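Protein chains: 2
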Amino acid sequence: MSVEAAVAVFDAKRDAFLADLETFLRFESISTQSEHTQDMQHCASWVRDQLASAGLDAQVLPTAGHPVVFADSGPVPSGQPALTLLFYGHYDVQPPGDLKLWNSPPFDPTIRDGAVYARGSADDKGPVMTHLAAMRCWRETHPHLPVRVKFITEGEEEIGSPNLPGFVREHADQLSCDYVVLSDSTKLDADTPALAYACRGLVYKEMTVDGPSHDLHSGQYGGAVANPGNVLAAIIASLHDAKGKVTIFGFYDDVVPLTDKERELLAEVGLNDAQLLERTGSPAPTGEHGYSTAERYCARPTLDVNGLTGGYAGEGAATIIPSRAIAKVSMRLVAHQDPARISKAFDEAVRQACPPTVKLAIKNYAHCRAYVAPTDSPGMQAAIKALADSYGRPPVLTREGGTLPILPLFKEVLGADSLLLGFIVPDCNLHSPNEFFCLRDFDIGTRVILRFLAGIADQTARANQA
Amino acid sequence: MSVEAAVAVFDAKRDAFLADLETFLRFESISTQSEHTQDMQHCASWVRDQLASAGLDAQVLPTAGHPVVFADSGPVPSGQPALTLLFYGHYDVQPPGDLKLWNSPPFDPTIRDGAVYARGSADDKGPVMTHLAAMRCWRETHPHLPVRVKFITEGEEEIGSPNLPGFVREHADQLSCDYVVLSDSTKLDADTPALAYACRGLVYKEMTVDGPSHDLHSGQYGGAVANPGNVLAAIIASLHDAKGKVTIFGFYDDVVPLTDKERELLAEVGLNDAQLLERTGSPAPTGEHGYSTAERYCARPTLDVNGLTGGYAGEGAATIIPSRAIAKVSMRLVAHQDPARISKAFDEAVRQACPPTVKLAIKNYAHCRAYVAPTDSPGMQAAIKALADSYGRPPVLTREGGTLPILPLFKEVLGADSLLLGFIVPDCNLHSPNEFFCLRDFDIGTRVILRFLAGIADQTARANQA
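Read top to bottom, the protein sequences are chains D and Y.
If you use numbering that gives the first Met the number 0, the first sequence corresponds to residues 0 to 465, in order.
If you use numbering that gives the first Met the number 0, the second sequence corresponds to residues 0 to 465, in order.
Chain D extracted, bound-state conformation (with noise of 0.2 Å):
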């Protein structure tokens, strides 16, 4: 089994791969346009034929949206070791927003200063493209991938993939697997590799407060009635202490508390203070205390104001007590936290310091558990000699402040922990005009899944032996 005899086939067919590549980002396949749901077919088979090219038994599964994408490689020969890979990735793209500040038309894929530019480019098209293009040439210098291979490929992650969670708990059986791998992440830099191993969880709320039937007049009656505006603030203000810590109560009980190894990866990967005020022109850093501006970004839970309605936004004054008032707050949940616990302790503690002088209603929005995934996991050591072999550096370990839904949804329904080898800059223009993915990446990320497919299969055949 040699993997270099694949990267050279890759090497000699490279403009062919980039060609494809180039056909993949002319389907205007934007999931949240209706009048491109013939594009989002057309560009769904396509996928499939390229799969059903590499040997896969690949297949469009209709859902109640946009079809998914669906590929086995089949059981291994005997012989072989007995792993699967499950690759994640999205067919869909964002709208492309303005055409004008485009410098070249974001469904016309052009090559300059040596990257693609176009819509998809990089979110998350060219990273599939490294997929594909791996187990292509694979199977042009092998009779069989190195481990059983299952690729699901979605087109509905740009509107908040709606239906696949059903899909994956539908299809629990077919896509059972040892790891999710997935490339719609970003390089710490340029030059840095990254390997993301841990996400925070998200429970969105919304609370009304009620007060008068209609705005008053503050001066006929302000002072004998709750002011919604003026409550609103108070229960806000009472879900933080003074040193910056949630106040719910049971808020941190299962946060696993972070080891000091992490923390020193943290302290060398994250943003330091100047880095942090110059990325959001903030004035000042801040958060709970005893914590760095980095583990407070990514690695700690939080609760912040998302949005603030109530009473007269005009110009000028207007001398009214609000009917009601509004706030959309979320919190990020790290692990062990369960979104369904902290949801209802957040209700109780909403409850508590409400006075019955208003009504309060809470609705409930995004609902996800945090995810963080064991980094010494033979997927995770596979991932790591990968990237290090091709990119002459080994990754850093980072963890995402934000929300992926899917990485705890496989991990729930699969049981499978995810491996987030990603190839794009940060600064690639995502979901902005002039997206693009850098050529280079095009070419190391290729390499990266071919020895990660080929490192992964040593490694279990070797433990198999032992």
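No lab work stands behind these hints, which were simulated from the structure alone.
Misleading hints may appear alongside valid ones.
Under 8 Å between C-beta atoms, here's a sample of chain D residues computed to sit facing chain Y [to be verified]:
no. : residue
1   : N226
2   : T279
3   : R295
4   : Y364
Pair by pair, the computed Cβ-Cβ distance ranges are [to be verified]:
no. : chain 1 : residue 1 : chain 2 : residue 2 : range
5   : Y       : F248      : D       : Q274      : 36 to 42 Å
6   : Y       : A241      : D       : D259      : 40 to 46 Å
7   : D       : N102      : Y       : D97       : 49 to 55 Å
8   : D       : S33       : Y       : A241      : 50 to 56 Å
9   : Y       : A241      : D       : E34       : 53 to 59 Å
10  : Y       : K362      : D       : H288      : 31 to 37 Å
11  : D       : S33       : Y       : K358      : 39 to 45 Å
12  : Y       : H288      : D       : I158      : 48 to 54 Å
Only a predicted model underlies this, so the values are computations on that prediction, with no experimental measurement involved.
Quick reminder that beta carbons are idealized off the backbone N, C-alpha and C, glycines included.
Based on the hints, put chain Y in the right spot on chain D.
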């Protein structure tokens, strides 16, 4: 000096006076709409002519906006009581709003059910007409008015009297008087006359809290930067304690405590809890501990949020840290709180409550002193008697929870207290469609003014003799 002769003249010519009121009501004197500038001038001239026909020296004086009608009966002949009354009123009206909601055209006065329906009938042309009619009836039966009488009838009350303070300061000598008399206030109910002796002051602020230079992803940075929404909520919450008291340092220092008599009066004439809930739709009464509902809404200082804005206000969820959050907050003041001092104390309290992790800007809007008049002055006594004799029951003494900037203005510049002889009913559709003025109040109101003139002249003469 027989007031009954003047009353008899009114009764005899009442229909002619009513026709004059209808003429007054036909002017489309809408101060906020520039296409009515000519109507405003014609209306001012008509008021001037009415005053001239009562023997006053009347003139239309320009301001930077709509003109003021000023009139003066001149020095009293020797032997007459040396007392001067300044009658205040306004000839401008609110826009009519949606014409389809009017049962008869707003500028075509219509008599039905014992009332005249038209825009401005209650606010303030009907009451002003009682003043004009009283002067003319007196002069038809007497060679002179019984005291010196001046009139100031402005054309910008409905747009906040922007030019009145300057006008009053500039013409302070001409306007000098012992009492200001106005009827731009309501009775307690249809049968009970009211005499308001106090109104609250106002300090209006807008706080802008700026954090990051742009909205941030709450996953990416949440926990590491100050969230303007959370900070603003904490600032607002810090301004009240658990007993409903405002925590601003020195806020209550200059508050004149309510006397037992005032508290008894408010218990008698103010809204009770059940009435408050019915009128406001609030779930429960609340406010500063140790005070009744009626005391809270008109006799105690308050602090209310008037508006809240920040971050995502649309449907559903958006996980952002808003770069900015804004609150409009106003305080109602009572005597002798100094708006300048309260304004400064508010700024200091807010700055203290605001962490250095955000930027805070405070904008000032309205700024008005509270007003409270002695209830035992000769003018007040004469007003009580005139109302009692004309309505057949004594007036209730009330405090206005709202703010009437002209009262402290006249007090400050002219040293004169105001007498608020209100003739309109509370539900007269002020500022709404189908505004009306009851003919009974037109008849009784004119008697009140005549009896008040006679009474205060008598009283002053007796005091001078004593």
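Worksheet item: Of the hints given before, which are not true for this structure?
Response: Hints that this structure does not satisfy do not exist here, as all of them hold.
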